[in-house]
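Student: Make the full structure from the sequences, and use the hints.
Chains as they are written, first to last, in the working numbering: chain A, 6 to 449; chain B, 154 to 463; chain C, 93 to 530.
What the hints contain is simulated information worked out from the structure, not anything from laboratory work.
Small disclaimer: the values here were computed from a predicted structure and weren't measured.
By construction, the Cβ of each residue, glycine as well, lies at the ideal position given by its N, Cα and C atoms.
It is possible that some hints are incorrect.
Label pairs and their in silico Cβ distance ranges [unchecked claim]: (1) C/Gly299 <-> A/Ala271: 51 to 59 Å; (2) B/Asp448 <-> C/Gly431: 54 to 62 Å; (3) A/Ala271 <-> C/Asp233: 34 to 42 Å; (4) B/Glu305 <-> A/Lys324: 49 to 57 Å; (5) C/Asp149 <-> A/Ser328: 45 to 53 Å; (6) A/Glu270 <-> C/Asp302: 54 to 62 Å; (7) C/Ser429 <-> B/Pro316: 41 to 49 Å; (8) A/Pro409 <-> B/Arg193: 25 to 33 Å; (9) A/Met390 <-> B/Arg193: 21 to 29 Å; (10) B/Gly375 <-> A/Glu270: 13 to 21 Å; (11) B/Arg414 <-> A/Gly223: 51 to 59 Å; (12) C/Ala441 <-> B/Arg246: 43 to 51 Å.
One-sided excerpt, in silico: chain A residues whose CB lies under 8 Å from chain C [as the list claims (entries may be wrong)]: (13) Ala276; (14) Val329; (15) Glu330; (16) Arg331; (17) Asp332; (18) Asp333; (19) Val334; (20) Ser335; (21) Arg340; (22) Ile341; (23) Leu342; (24) Ser344; (25) Pro409.
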Amino acid sequence: MKCTSDHHITTSLPSVVTFPPPAKFKPQVATTNRSVALLLDAGFGVLRVRIHGRGGQGIKTSGRVLASALFGEGFAVQDAPHFGAERRGAPVVASIRADRSFVRERGRIEHPDAVAWADETLLGALRRKTPLSTSAALRLDPDAFVVVVVAGVDPVPAPVRMKAPEESPEHAFEQASEQASEQASDQTPGQCSREALGRSTGLLSGRGPARTMAATLGVDEARIRILMLPPELHAGIACAVALARLCGVVRWETLLGAIDVELSEAGVGEAARVVAHRTASFAWDALSPDAGVLHSLADPGPSPRRAGIDTRSPDLGGKRWVSVERDDVSVAAPRILASRTSRHNPTGGWGTKHPVLRPERCRRCWWICTVACPDSAISLGGHGMPTIDQTHCKGCMICATQCPNQALVAVDDFASAEGAEGVQGVQGVQGVQRLRGIEREGHV
Amino acid sequence: MSAGRGAVTPRPHLMASGTSMCPGCGGLQVVKQIYEHLGRDVVFVNAAGCLTLLAPYPTTPFQSSWIYTSMASAPAGAQGLVDAIEVLRSKGRISGRRRIHVVVLTGDGAANGIGLSSTSGALDRRLDFYYLCYDNEGYGNTGHQTSPATPEGARTSTDALGPGCSQPKKDLFSIWAAHEPSYLATVIGAEPQDLARKVERARGCQGPKMFIALAPCPTGWGFDPKDAGRIGHLAVSTGVWALRERVDGKTVHTKIPRPRRLVEDYLRAQKRFQHLFSPVRRDDVIQRIQARITDAWEDWFRGQPTRPRA
Amino acid sequence: MIAGSEGSQRSQRSERRLLTGNQAAAWGARLGGVDYVPAFPITPQTEIIEALAAWFDDGSLMGRLTMFESEHSMMTAAGTAAAAGARTFTATSSQGLLYSLEMMYAVAGWRVPFVMVNVSRGLASPITLESDHNDVLAARDTGFLQIHCATAQEVLDAVLIAFRWSEDRRVRLPVIVNQDGFSLSFTREPVDIPNEDAVRAFLPTRGDLDETLSGPSPQSLGVAVLDGSTYSYFRYQMERAAQGALPVLLDIEKEFESMTGRRFLPIDEYRMHDAEMAIVVVGSLGTQAMVAVDEMRAEGVRVGLVRPRVLRPFPRNALALTLGRMRGVAVVDQDLSPGFGGILHGEIAAALYARPEPRPSLTSYIGGLGGRFVSVTEFKRIVDETVVASITGHVPPPRLLFTDEEARSIRMLQQIADDAPQYELGAPFASGLEGDRA
Ligand SMILES: Cc1ncc(C[n+]2csc(CCOP(=O)(O)OP(=O)(O)O)c2C)c(N)n1
Ligand code: SF4
Ligand code: SF4
Ligand code: SF4
Ligand SMILES: [Mg+2]
Numbered sequence: 006m007k008c009t010s011d012h013h014i015t016t017s018l019p020s021v022v023t024f025p026p027p028a029k030f031k032p033q034v035a036t037t038n039r040s041v042a043l044l045l046d047a048g049f050g051v052l053r054v055r056i057h058g059r060g061g062q063g064i065k066t067s068g069r070v071l072a073s074a075l076f077g078e079g080f081a082v083q084d085a086p087h088f089g090a091e092r093r094g095a096p097v098v099a100s101i102r103a104d105r106s107f108v109r110e111r112g113r114i115e116h117p118d119a120v121a122w123a124d125e126t127l128l129g130a131l132r133r134k135t136p137l138s139t140s141a142a143l144r145l146d147p148d149a150f151v152v153v154v155v156a157g158v159d160p161v162p163a164p165v166r167m168k169a170p171e172e173s174p175e176h177a178f179e180q181a182s183e184q185a186s187e188q189a190s191d192q193t194p195g196q197c198s199r200e201a202l203g204r205s206t207g208l209l210s211g212r213g214p215a216r217t218m219a220a221t222l223g224v225d226e227a228r229i230r231i232l233m234l235p236p237e238l239h240a241g242i243a244c245a246v247a248l249a250r251l252c253g254v255v256r257w258e259t260l261l262g263a264i265d266v267e268l269s270e271a272g273v274g275e276a277a278r279v280v281a282h283r284t285a286s287f288a289w290d291a292l293s294p295d296a297g298v299l300h301s302l303a304d305p306g307p308s309p310r311r312a313g314i315d316t317r318s319p320d321l322g323g324k325r326w327v328s329v330e331r332d333d334v335s336v337a338a339p340r341i342l343a344s345r346t347s348r349h350n351p352t353g354g355w356g357t358k359h360p361v362l363r364p365e366r367c368r369r370c371w372w373i374c375t376v377a378c379p380d381s382a383i384s385l386g387g388h389g390m391p392t393i394d395q396t397h398c399k400g401c402m403i404c405a406t407q408c409p410n411q412a413l414v415a416v417d418d419f420a421s422a423e424g425a426e427g428v429q430g431v432q433g434v435q436g437v438q439r440l441r442g443i444e445r446e447g448h449v
Numbered sequence: 154m155s156a157g158r159g160a161v162t163p164r165p166h167l168m169a170s171g172t173s174m175c176p177g178c179g180g181l182q183v184v185k186q187i188y189e190h191l192g193r194d195v196v197f198v199n200a201a202g203c204l205t206l207l208a209p210y211p212t213t214p215f216q217s218s219w220i221y222t223s224m225a226s227a228p229a230g231a232q233g234l235v236d237a238i239e240v241l242r243s244k245g246r247i248s249g250r251r252r253i254h255v256v257v258l259t260g261d262g263a264a265n266g267i268g269l270s271s272t273s274g275a276l277d278r279r280l281d282f283y284y285l286c287y288d289n290e291g292y293g294n295t296g297h298q299t300s301p302a303t304p305e306g307a308r309t310s311t312d313a314l315g316p317g318c319s320q321p322k323k324d325l326f327s328i329w330a331a332h333e334p335s336y337l338a339t340v341i342g343a344e345p346q347d348l349a350r351k352v353e354r355a356r357g358c359q360g361p362k363m364f365i366a367l368a369p370c371p372t373g374w375g376f377d378p379k380d381a382g383r384i385g386h387l388a389v390s391t392g393v394w395a396l397r398e399r400v401d402g403k404t405v406h407t408k409i410p411r412p413r414r415l416v417e418d419y420l421r422a423q424k425r426f427q428h429l430f431s432p433v434r435r436d437d438v439i440q441r442i443q444a445r446i447t448d449a450w451e452d453w454f455r456g457q458p459t460r461p462r463a
Numbered sequence: 093m094i095a096g097s098e099g100s101q102r103s104q105r106s107e108r109r110l111l112t113g114n115q116a117a118a119w120g121a122r123l124g125g126v127d128y129v130p131a132f133p134i135t136p137q138t139e140i141i142e143a144l145a146a147w148f149d150d151g152s153l154m155g156r157l158t159m160f161e162s163e164h165s166m167m168t169a170a171g172t173a174a175a176a177g178a179r180t181f182t183a184t185s186s187q188g189l190l191y192s193l194e195m196m197y198a199v200a201g202w203r204v205p206f207v208m209v210n211v212s213r214g215l216a217s218p219i220t221l222e223s224d225h226n227d228v229l230a231a232r233d234t235g236f237l238q239i240h241c242a243t244a245q246e247v248l249d250a251v252l253i254a255f256r257w258s259e260d261r262r263v264r265l266p267v268i269v270n271q272d273g274f275s276l277s278f279t280r281e282p283v284d285i286p287n288e289d290a291v292r293a294f295l296p297t298r299g300d301l302d303e304t305l306s307g308p309s310p311q312s313l314g315v316a317v318l319d320g321s322t323y324s325y326f327r328y329q330m331e332r333a334a335q336g337a338l339p340v341l342l343d344i345e346k347e348f349e350s351m352t353g354r355r356f357l358p359i360d361e362y363r364m365h366d367a368e369m370a371i372v373v374v375g376s377l378g379t380q381a382m383v384a385v386d387e388m389r390a391e392g393v394r395v396g397l398v399r400p401r402v403l404r405p406f407p408r409n410a411l412a413l414t415l416g417r418m419r420g421v422a423v424v425d426q427d428l429s430p431g432f433g434g435i436l437h438g439e440i441a442a443a444l445y446a447r448p449e450p451r452p453s454l455t456s457y458i459g460g461l462g463g464r465f466v467s468v469t470e471f472k473r474i475v476d477e478t479v480v481a482s483i484t485g486h487v488p489p490p491r492l493l494f495t496d497e498e499a500r501s502i503r504m505l506q507q508i509a510d511d512a513p514q515y516e517l518g519a520p521f522a523s524g525l526e527g528d529r530a
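Tutor: Below, the structure is given as structure tokens:
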């Protein structure tokens, strides 16, 4: 592929942009190819970002959207999705690199400038500290930027200002929670970054999710953004748009063009395209305060990360080689001797809705829901009353549809406090989350 | 003749949660049920397919043994295990009265195609084992391409545009029946009582015990996972999935839908058939699919001396 | 089988008989006390499973032989049976080995012990029944260890040693015992059959049943991994186990020698003590090369023979040590990697390159494909050329052994096949033996 800075894929841009640009759209940074070149000359090396999600979230398409958009702005890009099985729910990572000339380095991006997660499972995983979730693979550089997209949030809380956490973290957190609940009925879409998190802290209660996340990921807390998407908006697209916004070199029209091209290649229909445009608008606005932030990171001064740890690092970037010796064959084969270790996988974060039992309606039929659940997430407690293992329930809702007495009701994990009230005495989101066992598991 | 209420009693779940199967996976649902009926003394022999990822290192949902072989040769793997266990037992090198059931798990792709020869071999040798084919009607693990079990009209990722899969679903039941296994049945996770009774019946048989389970697949078929049960019931009530059982050379239906619903109800509920309804309704294809189902049932009724009661 | 003369002093209780390579393989399995033989026929291997089937039937062997529908299935069953704790033996050849290749990688990765005899046969296309080593070398990266035999006696010995080796928990990898089709498989030679009790002491029944799939505790085997690091760890473990198998073999070999009086070192050296030139071959071509060595020694050429018995793990250091002090080394490959040349030649070159200079002049010859005979005269000519190379320092390009007589014969066949009288007999081969060497 040959791509120079004066090459511009204007042909792929639609002649008529059907969806209006977002209200808050203001070009923030360089928008011409010439300025892109200048920007790069100023020391803006290879841009490296990752999008994380799970099969079914359209992560591959999101990676393509971002790459196409950067390509449309004259960059040479590399767009490398990585996934195991083609499976809804299986982890997917898209690695996107952009540079002025052909991108030569390959493989997983070890030191991304920014990471976007379309997958709120992460939050649960972090909280639970399972061996899998605390793996070193999650660690990022301290100055990496992190966007976590939480999908299906209804209603989306308005942006809430909060005092800087240094001042008084606990207090600030409570204050934010209060402010958030006050504004819970306000449907204005907006960014819910660190400040507004108090609102959704069912996810990561305690001293604030951004802080927990910062500690686990090893990044500066101030560089974490949590984007709450209203239902039906597309988490994957939001990731692509957020990253495009952060790097600040993608124009709105180019972005829409990229979305159209990629969606039409993925063969999706008009409705999905409209959703993607609405998502783009939402995410674009939400991240406008951070537009170009990656650019600002790219000051020309020597930065150890930018010097290219990815490609040439004599000290393996703080790691060293060890010699692999022969282990006893009982452990040296791909063999699992323990039983039922899949319970370490907290699949409870896969869905955004989960069933909650209304005990007064349950006739204790003794079997329907427990047999129907594919994931063994319902067992029978005393007196034949079903118990739902919220840590593992994937939220498929088969049980709720199969129960002849409608005793299992779907509860939106991010529902307002009012919505969850009256359900088994659970109060608000935190209650629901607790039901889901996150709280419990966190201490195991 | 579905089994009485007593056939299903709640059992402790042998299979643990936390697998990487999609939410609402019909395949997982049926494996979980069969595992609970057979008990812990089983060894699963898995072919390549979605279920390969049941046990990625270091996590397994099982408290019994499981071995992954290859896409083509899981039944041969079962043969090696059964042979070895029998020989070692006859030589007194393993003791205990535990009867170990060896259970092959494969998808429809493996069962109908690449693994058909090794299945046929195991049937020829009258291997004493269970075989569960979870039929999600496509090569699911690789992104749901058309397999020999994909039904006519269904869109898959290799029949993504145009009229969908052009050939009718391969009749694996008859292929297996021609080998006269000791026990042969079709099941579905949405009919757990029927399934429980069949596993119970198979238990009493020596030799090959073969199950084909229709496995509604939200990901490949395109429906909301919560509807998995509904889709399963529709498959049965429209006659698309005939619940059958074959013992001693005689096939009987264990559930006869009366009246049969129109297949349209089943098709409409899934994205893979949407193109038959919009933008233009493809009555020709819908009629053809309906006719095939109707004919199959008529044929069967004709072959019956007395019409069994629903 | 006719009972023959007494065995050697050390193995008084052994019995000497005339056996084909195939019968020797079957005897190895029988003495090894196999529990299970998954099988599928292919010439020239079939005789092995026929013999074993008969022994299971008449009660000389306790256990089971199961006929499969393919080698792919057979290999799967060998793996699962071994994983369940049965001492398992199987045999194949050529197309069969390749048909099972997917499963060879899989079962080696399970780290289960069993022994497979491969009777080497050239691979299609074109189809042939006769021997060369492309089949077994296609399996050289599978994780199976490989023993290559030159005599029927070695086949029997190798099977016994292979069971011990494979089952040793420091190794725990399946082992291929290779013999050449026809020149060993169907050729009868005198073979010492060791006494059964002695073998039982050397090779007791498998003691790891508790750790197997039929043991008391469940296990998930052959599982997927989710990342490259975990994958690498398990693959590296196979490498460590395979490399570490050489010293293990030396231990086993000592015990074997005290039982039978026969040595079984990873490399068989012949008249190498004062040699300056060496021929390297694998398999039954080795005895033919010995004849050439003897004749040339009589003519005053200080030449010897190096025959690796074990190709996996590759005895790199031992080879480098022995060959490194030669002035010239000729590798005769009974295999061909089109576009590369001799596979063994490449591996020997890699071993030698680890040595400091001066290194021997290393020549390469491809011979013995599809059972083509390599004559004693040719071996001598090969040594001559290598001597010249070692003196002049000019190493000739690899030679594909083919004579003018063979050239004439192929032209005749082509004339008939193509009905094409315009072919001039021998035209492209005009300069005979030297023709293709510019
Ligand atoms: C020999 C071989 N070819 C191809 C594959 C890739 N592969 C893995 S799973 C799969 C599809 C299996 O389809 P099916 O048997 O229907 O099971 P499902 O994935 O639907 O569960 C394929 C083609 C493989 N593993 N092995
Ligand atoms: S299916 Fe419904 S009624 Fe039956 S036990 Fe479950 S919740 Fe209760
Ligand atoms: S929603 Fe119900 S059926 Fe689905 S995983 Fe959760 S408990 Fe099981
Ligand atoms: S693709 Fe279908 S069969 Fe495979 S895991 Fe997902 S739902 Fe189950
Ligand atoms: Mg399938």
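Student: Hints the structure violates: just list their numbers, smallest first.
Tutor: 13, 25
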